Each structure stands twice: as C-alpha cells, then as structure tokens.
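Chemist: Single-letter residue listing:
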Amino acid sequence: MKTSWIVAFLVLLAAVVPTMTFSGYHLFQLTMVAVYAIAILGLAILTGINGQISLGHGAFYAIGAYTTAILMASWDVPYWATLPVSAAVCATVGFLVGLPALRLGGLYLALTTFALAVAIPQILKHKLFETWTGGVQGLVIDKPEAPFGLKLSSDQWLYLFTLGVGVILYVLAINLTHGRIGRAMRAVRDQPVAAEAMGINLAMLKTRTFAVSAMYTGIAGSLGAMVVAFVAPDSFTVFLSITFFVGLVAGGAASIGGTIVGAIFIEFVPNLADLVSKAAPGAIYGVILIAMMFLMPQGAGGFIGMVWRRLVR
Amino acid sequence: MEGFIHQIVSGIATGGIYASVALALVMIYQATHHVNFAQGEMATFSTYIALVLINLGLPYWVALVGAFAISFVVGVLIERVLMRPVTNAPVLTSVGVFIGLLLIVNSMIGWIFDYTIKQFPSPFPDKSLMGGFVSGHELGSTGVTLAVLILVYLFFRHTRLGLAMRAAAFNPTSSRLVGVRVGWMLALGWGLAAGIGAVAGCMVAPVVFLDPNMMAGILLYAFAGALLGGIDSPLGAVLGGFLVGIIENLGGAYIVGTELKLTMALIIIIAVLTLKPSGLMGRKVYSRV
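Taken in order, these protein sequences are the chains called A and B.
For the first sequence, my numbering assigns the number 1 to the initial residue and increments by one for each residue that follows.
For the second sequence, my numbering assigns the number 1 to the initial residue and increments by one for each residue that follows.
Any given hint could be a false lead.
[What the hints assert, rightly or not] Below 30 Å or equal to it, Euclidean Cα-Cα: the simulated BS3-like pairs (lysine-lysine) are:
id: 1; chain 1: A; residue 1: Lys143; chain 2: B; residue 2: Lys261
id: 2; chain 1: B; residue 1: Lys261; chain 2: A; residue 2: Lys125
id: 3; chain 1: B; residue 1: Lys276; chain 2: A; residue 2: Lys278
[Claimed, not checked] Derived Cβ-Cβ restraints for the label pairs, each shown as a range:
id: 4; chain 1: A; residue 1: Glu130; chain 2: B; residue 2: Phe155; range: 37 to 45 Å
id: 5; chain 1: B; residue 1: Ile112; chain 2: A; residue 2: Asp274; range: 36 to 44 Å
id: 6; chain 1: A; residue 1: Val11; chain 2: B; residue 2: Leu161; range: 53 to 61 Å
id: 7; chain 1: B; residue 1: Arg84; chain 2: A; residue 2: Leu96; range: 55 to 63 Å
Hints in this document: simulated from the structure, not taken from any laboratory.
Please read these numbers as outputs of a predicted model, since none were measured by experiment.
Even glycine gets a Cβ: it sits at the ideal position worked out from N, Cα and C.
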C-alpha cells in the first residue's frame with residue numbers, strides 16, 4: 001500500500017512539471033489525457049468493478065459538456081461552479097437510464113447505452129433545445145483565466161485545474177472502491193446471487209453505481225468543454241463512446257491506475273494513426289480491442305499489476 | 001388519410017429491412033447468446049461488394065446472389081476465426097470482440113471504398129404504383145425481403161440441415177450426442193446471418209445511399225425490432241422489425257419529426273425493457289440458481 005502511494009505521488013509530480021515546460025499544443029494534449037482519464041475512470045467503476053457494460057458513456061460526456069457550456073454561455077455562471085451542476089445532472093440522467101436496463105442482464109444494458117450513444121447527437125441538434133444548445137453550430141465558450149493574479153496562461157491554469165479535479169476524483173474513487181460499497185460492487189459482479197443473500201440490494205446498488213459512473217464521465221465532459229472551449233453535437237457521436245470503451249479495455253477494466261494508461265492511449269494513438277490514413281485509428285482500435293480480449297483480458301493495468309506483484313514478491 | 005396510408009406502406013417497406021437485420025441478429029443470439037454489434041457494418045460491407053460486382057458488369061440479380069455468397073463465406077470465416085475462442089467467455093469479452101470487429105470492418109470499408117457517398121442502383125422501375133401509394137422500389141424491396149424471410153423459414157422448417165441448426169441452438173449437448181456437428185452449425189448460422197444482412201443492405205442502399213456508416217441507424221432499429229418481438233424468437237423479430245418500421249414512419253410523420261427518428265428507437269428499446277422485457281413473442285427466461 002505504501003509503495004503505491006509513493007508511485008501515485010511520483011506520477012502526480014511528473015504530471016505537474018509540464019505546466020511550465022510544455023508548449024501550448026502539447027499541454028492541451030496532456031489536459032485532454034487528464035479529462036479522458038476521468039471519463040474512463042467513471043467507466044471503470046461501472047464495468048470493471050461492478051461488471052456492467054456501457055457502450056454509451058459518450059452521451060454522459062456530452063451531457064456534462066453541454067451543461068457547462070449552456071451555464072457559461074447563457075447564464076454567465078463561473079466555470080468552476082458548473083462542475084457540481086453537471087455532476088448532479090449526469091448522475092440523475094444516469095440513474096434514470098440505468099433504472100430500466102439494469103433489471104436485466106449485462107447485454108441489455110450494453111444495447112440500451114449503445115442506442116443512447118447513437119441517438120444523442122440528434123437530440124442535441126433538435127430545434128426544441130436550439131435556443132440553449134445552439135443547434136448544429138454548437139456553443140463557443142470562453143477559456144477561464146487564472147485566478148488570484150497567478151502568472152499563468154489560461155491553458156496552463158486549465159491544465160492544473162483539471163489535474164486538481166482529477167486528483168480529488170481519483171482519491172474519492174479509490175476510497176469508494178476499497179471500502180464497504182466497493183466490496184459490495186465486486187460481490188455483485190462476481191456472485192450476484194450470493195451478494196443478494198448477503199443483503200445487498202442488487203438493483204439499487206447497480207443503479208447507484210451507474211449514477212456515480214455517469215457523474216464521473218459527466219464531470220470529464222464539463223472539463224473537456226472548458227479545455228476545447230467549444231461544444232457541438234457532432235463531437236459526441238457513437239465513436240466517442242466506443243473510444244472510451246477502447247480506452248477502458250486497453251487500460252484494464254478493473255484497474256484504477258490502468259485508466260490513465262487507457263487515456264494516454266486514446267489521446268495519442270489516433271494522432272499517430274492519422275498520419276497513416278483516415279481509416280487507421282478505427283482499424284487500430286479494433287485490432288487492439290480484439291487482441292486485448294484474446295491475449296491480455298486484464299488490460300495493460302492488470303498486466304502491469306501482475307508484473308509488479310511478481311517483482312515485489 | 002391518403003398520407004396516412006402512404007406512411008404505413010412505406011413503413012412496411014423499411015420495416016422489411018429492419019425485420020431482415022433483426023432476424024440476422026436473433027439467429028446469432030439464439031445460438032450463442034451474443035448480440036452482434038457488427039451486424040450493420042458487415043451488411044454495409046456486403047453492399048459494397050454487390051456494388052463492385054455490378055460495376056464489373058454483372059446483372060443486378062447475379063451480383064446480389066454473388067454478394068450473398070461472398071458474405072456467407074466471410075460470415076463463416078469470422079465465426080471460425082474470431083468467435084469460436086470466445087464462445088464461453090464473459091459478456092465483456094464478447095462485446096469487446098464485436099465492437100472491435102465493428103471498428104475494423106468500418107475502417108476497412110472507408111479504406112478500400114473511401115468515405116464518399118455513393119449511389120446504388122435499384123432493379124425496380126422508378127414509378128409510383130397502386131395509385132401513388134407505393135413506389136416501385138418500395139414494393140420490390142418488400143417483395144424481396146419477404147421472399148428471403150419465407151425462404152429462411154422453409155429452410156429451418158423443412159430441411160434436415162435447418163433442423164440440425166435449430167437443434168444445435170436449442171440444446172448443444174444433446175445435439176452433439178445425436179451426431180450434429182454443433183460448431184459447424186453455428187458457423188453456418190453466422191454465414192446465413194451475414195447473407196441476409198447483404199440482401200437487406202442492397203435493398204436499403206438505393207433509398208439511403210451507400211456510405212460506410214449506412215447501417216448504423218438501421219442496426220439500432222433492428223435492435224429495437226428484435227427486442228420488441230422477443231430477442232429469442234425469430235418470428236417475433238420479423239414481426240417486431242415490421243412494427244418498428246411502421247412506428248418509425250408514423251412517429252416521424254406525425255409526432256416527433258424526422259430529426260428525432262433515432263431517439264424513437266431508443267424509446268422503443270427502453271419501453272420494451274421496462275414494460276415487457278421478454279418482448280411480444282419471446283419466452284420468459286428462468287434461470288436455476
């Protein structure tokens with residue numbers, strides 16, 4: 001336990017250094033890694049710890065992003081104050097979406113969330129909400145400035161802000177999954193019948209886990225909207241949801257640390273693959289996904305963990 | 001009133017497409033309890049193959065049969081190579097493999113045939129029939145999909161091979177004991193599903209035009225149809241597909257407008273799962289604990 005805290009601290013230290021040394025675009029990429037890591041963390045709590053599959057977390061990311069954008073653009077709410085609102089909105093929507101699907105097997109949830117992911121751009125474009133969402137054009141928002149007269153550019157400040165929010169969310173997630181509720185989540189994943197016999201309310205726990213998971217991804221969406229300073233329906237297609245799923249599997253579904261690996265993967269691999277051809281990112285995702293399923297079902301995080309345990313022993 | 005009838009008729013035409021894809025989904029689900037998320041992309045790929053064959057100068061119907069045959073072989077190969085190892089794996093693994101397959105097929109289409117939208121020919125005359133209620137293509141494609149569905153029905157009901165395939169899906173262990181080669185039956189089921197998808201793709205392509213993401217929405221309606229009819233009942237899936245087609249067209253015309261058509265599939269899925277999870281014709285699933 002001690003060593004993993006030291007590792008976490010070193011990772012954090014290494015993450016703060018680029019604030020001063022990196023150029024604008026690279027800093028932007030690192031910020032997006034932090035954002036994706038939070039989004040995938042939400043998915044990992046759901047899929048890895050609780051064993052429910054979602055192919056539609058891009059929808060919650062979109063809802064979070066739009067909540068922040070609408071609050072900032074229409075009501076001039078300060079950027080940091082939009083985070084709790086979008087957390088609450090996404091948790092509520094997650095609870096409602098989870099409610100019908102969770103009574104059934106894992107496949108039905110995958111189906112329902114997949115349908116949600118396919119449908120969300122259309123809903124965002126719809127003219128009923130156009131006054132708030134800006135329709136097809138989307139919304140442009142201002143990048144937040146560094147507070148307290150700090151001598152940081154808004155990119156640098158946003159990076160540190162995202163990192164700070166990320167650290168808080170990671171600590172909360174680790175506490176959640178290592179405590180009583182985390183054990184209950186794992187019990188539901190591995191032995192639902194035994195878990196129910198132990199007095200765990202399956203449907204309630206699953207739905208709440210779904211809400212927490214949607215909340216995490218929603219907060220990531222809010223941060224992502226601030227970083228990109230722009231939201232539009234077509235940035236939240238089903239491909240985004242699939243990207244999160246790929247990141248989750250690449251990092252290792254049940255590994256909290258693996259989510260960072262997954263986030264690095266989905267941020268940098270498409271950029272590299274785009275150099276080859278427009279079709280390459282999808283193909284590489286697909287091949288990696290299938291290869292992971294066959295060769296490394298525990299993902300990179302699980303793999304590193306296994307090597308680590310061997311070394312320590 | 002005329003508009004209403006027209007909406008129902010064209011609902012039946014698109015419903016035939018959904019019914020075919022839903023049937024393909026249910027065939028694989030019955031045998032393996034996997035939902036093939038790549039069904040739509042596979043069908044799109046088959047449609048491109050048909051287009052290539054047509055451009056080579058083959059007559060339309062020969063190209064259609066050719067696309068069916070090639071898709072059949074590809075379906076069998078996919079089952080043999082990719083799906084066999086994950087037969088008994090957890091749901092996450094099978095979903096992962098299917099999504100991987102979806103991504104690979106989708107980018108292969110984009111890579112080979114590029115991302116521009118292409119026209120696809122229709123073999124049916126381009127004029128309205130029956131006093132303007134139905135276009136030639138709508139009538140023709142409904143006829144073709146119905147013919148395919150009836151052929152599949154006859155195949156499963158009245159041939160030894162069809163019986164063996166049903167047996168393999170229903171009870172693999174006992175089928176194996178009486179000498180059915182269960183593994184090959186599953187592979188044949190995959191091939192047949194891929195072939196049905198090919199026909200559905202060729203029938204819908206003249207209407208929605210051909211591009212790599214052509215079937216994404218259609219797959220969603222097929223999911224909705226399969227769930228509505230009962231995901232373990234082939235007849236239910238076909239009925240559900242037609243129903244979804246009609247609901248989609250009427251809803252699109254009179255209730256929500258065309259911009260929210262995909263959302264309707266989502267609502268149908270959620271409604272079915274909430275109100276009647278086993279669907280209209282599905283069996284209730286009991287599990288022993």
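Chemist: All the hints need checking, so say for each whether the structure fits it.
Modeler: Against the structure, the hints come out as follows:
no.: 1; hint: A:Lys143 to B:Lys261; result: violated (35 Å)
no.: 2; hint: B:Lys261 to A:Lys125; result: holds (12 Å)
no.: 3; hint: B:Lys276 to A:Lys278; result: violated (43 Å)
no.: 4; hint: A:Glu130 to B:Phe155: 37 to 45 Å; result: violated (50 Å)
no.: 5; hint: B:Ile112 to A:Asp274: 36 to 44 Å; result: violated (18 Å)
no.: 6; hint: A:Val11 to B:Leu161: 53 to 61 Å; result: holds (58 Å)
no.: 7; hint: B:Arg84 to A:Leu96: 55 to 63 Å; result: violated (39 Å)
In this structure, the hints that do not hold are numbers 1, 3, 4, 5, 7, in rising order.
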